[in-house]
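There are 2 protein chains.
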Amino acid sequence: MSARVVAVDWGTSRLRIWLLDQDGSVLAERRSDEGMLAARPDGFGRILEGHLDALGAPVDLPAIICGMAGSRQGWVEAPYVAVPASMQGIFAGAAPIPGSRRDIRILPGVAQRDPASPDVMRGEETQLAGIASLLGSDSHIVCMPGTHSKWVEIADGSIAGFATYMTGELFSVLAGHSILSHSLGAESHAVSATDPLFRRWCQDSLSDPGDVSARLFRIRASTLLLDLKPGQAAAALSGLLIGAEVASASRRFAKSGAPVVLVASGALRPLYEAAFGLAGLEFHPVEADEAVRAGLFAAARHLGMGEPAGATA
Amino acid sequence: MSARVVAVDWGTSRLRIWLLDQDGSVLAERRSDEGMLAARPDGFGRILEGHLDALGAPVDLPAIICGMAGSRQGWVEAPYVAVPASMQGIFAGAAPIPGSRRDIRILPGVAQRDPASPDVMRGEETQLAGIASLLGSDSHIVCMPGTHSKWVEIADGSIAGFATYMTGELFSVLAGHSILSHSLGAESHAVSATDPLFRRWCQDSLSDPGDVSARLFRIRASTLLLDLKPGQAAAALSGLLIGAEVASASRRFAKSGAPVVLVASGALRPLYEAAFGLAGLEFHPVEADEAVRAGLFAAARHLGMGEPAGATA
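Chains as they are written, first to last, in the working numbering: chain A, 1 to 313; chain B, 314 to 626.
Derived by calculation from the structure, the hints in this document are not laboratory data. Nothing here was measured: the structure is a model prediction, and the numbers come from that model. Check the hints yourself; a few may be wrong.
Going by beta-carbon spacing under 8 Å, a handful of chain A positions derived as facing chain B [to be verified]:
| hint | residue |
| --- | --- |
| 1 | P79 |
| 2 | P118 |
| 3 | E169 |
| 4 | V173 |
| 5 | G210 |
| 6 | D211 |
| 7 | R218 |
Derived coverage of chain B by chain A (criterion: at least 3 residues anywhere in the stretch with Cβ under 8 Å from a Cβ of chain A; other residues may be distant) [what the hints assert, rightly or not]:
| hint | segment |
| --- | --- |
| 8 | 325 to 338 |
| 9 | 397 to 408 |
| 10 | 466 to 478 |
| 11 | 521 to 532 |
| 12 | 555 to 563 |
The following residues of chain A were derived to be distant from chain B, with all beta-carbon distances above 12 Å [unchecked claim]:
| hint | residue |
| --- | --- |
| 13 | Q22 |
| 14 | G24 |
| 15 | S32 |
| 16 | G35 |
| 17 | P41 |
| 18 | A92 |
| 19 | I97 |
| 20 | L180 |
| 21 | A186 |
| 22 | D208 |
| 23 | P209 |
| 24 | A214 |
| 25 | A221 |
| 26 | L281 |
Beta carbons: idealized from backbone N, C-alpha and C, even for Gly.
Isolated chain A (complex conformation):
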């Protein structure tokens, strides 16, 4: 096998493992729902080795990991690196797994210790390292949608500042636990970026972001008065929340007008692309999976992991 390194994205609920070759290309991949929640406190090593065994990976193949496995409730804590955080500083903060025969290191998250706008990320910093590597660019604004969306300012290769928008989680808790659960119903509904309701509610939020909590109840009232169907309610709520995030974040971060790097995948990608379009914001899409792999590989290279025999530093 010509694998150079194992690259692992160990999130809260999901685990993804890639074998990468000398150039960072994917040789093999495994996915499971053995995220941090399932693996802690002491299942990490066993789970990883189990997957690597199934892949036939050599026992001495090094592994570079990012994500919640490095949190306080994870495998080994990789303490936050503080903003402003260079990619090299992040790589240097990788924490080894003590007592492991295999060279395993977990990348740190990043903390913004500004008392006015404290914030944390863990896992996204690796995607940001991947973007730097993929775009060959030192300065850009990045939007990273998700349960906790991140908007990040990269300046001269360092994370200069960032903000978190709880957009995905707001959708979940409102749909699942608030009166809006009566509007959205028990089944989950895929929201389409071409859905006129998504686009209208998104545009209304973009035009007037100060009114999100006022508009939330209109979804409930629409169910009662205007026969809004569950799929429509999901589209409305999604448009409302994504529009509010893009309105607020672009005002703060995208002032220069340069295209925003949009790191999204799956169902969120077309929704955010639609919101950017409605907002008149230019963007450069990057596939989230590609970004994290590129970041893990950049970290491994920087740390000299999986150096071919006889290679110079």
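Position chain B relative to chain A; hints supplied.
Chain B in isolation, oriented as in the chain A frame:
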């Protein structure tokens, strides 16, 4: 007994019953947690009669009811009256309980059928009728904090328009079901209006209401980075959400500068009074219980319920 009428506020989770005399003064009161959720589908009559029996109320004493008992999932549906809704129009929409020996009527809610801003209220309209009666005023802006806060424009004695802010419910679902549950903890914390954290987070929201979802995660980050304690997290979340409501609503409703009628009671009253103070908004406080009783009594009088024998119309 000199009781004229039974006045009932039948909410989702709570039931309150008053015996009122000829002038609307309280002769007796009972409270229980037999709200609509506990009473439906067919326990309403039994529960009401049980309480009136315990109070020694005459079997022919009429009863006027407001609240969720008149909703579709309640005792008898009292269909919404549409905006613009006069107090007389609301009273006239009272639905009788068929087949009851006692004269029992349930007041309707109010619906705003504007497709751009659909909205509904049920129970608050009765408090608004009470305010008209207490203040002797025809035109005013009313703020009614709660699980679903209402801001209402009363013009020439009619409900001209209103908006709902899910402030109380947002607090509950975020504290109970989001990552902020780790910040607030399992116990509930009383928030004081003099708490500097409440005031600071309230002021920040007032200054910049477009950023509520960005600020939510800062509570989580503050727990991780700044040792924010659970009681402090509760104060921060409360200030953030109440400030956002007051900022948005006052911009829409309180443009004239006339004092806003603040109908609050219990723990919410000092918090909203503090928010109004920070916003530089004048207000006129009215006790919520007094408002609902006055509204129920005004309805009973208008409908001729409990007219003394020989009284002229």
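Exercise for review: Mind checking the CB of A/R218 against every CB in chain B and telling me if the closest is under 8 Å?
Suggested key: Check passed: Cβ of A/R218 comes within 6 Å of chain B, closer than 8 Å.
Point to revise | Non-interface claim for A/G24, where every Cβ of chain B lies beyond 12 Å | key: holds (32 Å)
**Study point:** A/Q22 and chain B, when compared Cβ to Cβ, separated by more than 12 Å
**Key:** holds (38 Å)
Review point. With a Cβ-Cβ cutoff of 8 Å, does the segment 521 to 532 of chain B contain at least three residues near chain A?
Key: holds (count 9)
Exercise for review: Check the non-interface label on A/S32: least C-beta distance to chain B beyond 12 Å or not.
Suggested key: The claim stands: A/S32 keeps its Cβ more than 12 Å from every Cβ of chain B (closest is about 23 Å).
Check your understanding: Are all C-beta atoms of chain B more than 12 Å from that of A/A92?
Key -> At roughly 21 Å from the nearest Cβ of chain B, A/A92 sits farther out than 12 Å, so the non-interface label holds.
Exercise for review: Tell me if chain A covers the segment 466 to 478 of chain B under the three-residue, 8 Å CB rule, please?
Suggested key: holds (count 3)
Review point. Are A/G210 and chain B close enough, Cβ to Cβ, to be under 8 Å, as the hint says?
Key: OK, holds: A/G210 within 8 Å of chain B, min 4 Å.
Review point. Would A/D208 pass as off the interface with chain B, using Cβ distances and a cut of 12 Å?
Key: Non-interface label fails for A/D208: nearest chain B Cβ at 8 Å, not farther than 12 Å.
Point to revise | 12 Å cut-off, C-beta based - A/L281 kept clear of every residue in chain B | key: About 16 Å separates A/L281 from the closest Cβ of chain B, which puts it past 12 Å; holds.
Review point. A/G35: least C-beta distance to chain B exceeds 12 Å?
Key: holds (15 Å)
Practice item. State whether the coverage of the segment 397 to 408 of chain B by chain A holds or is violated, taking the criterion as 3 or more residues with Cβ-Cβ distances under 8 Å. Key: This one is violated; 0 residues, fewer than the three required, reach chain A with a Cβ under 8 Å.
Of the numbered hints listed earlier, those contradicted by the structure are 1, 8, 9, 20, 22, 23, 24 and 25.
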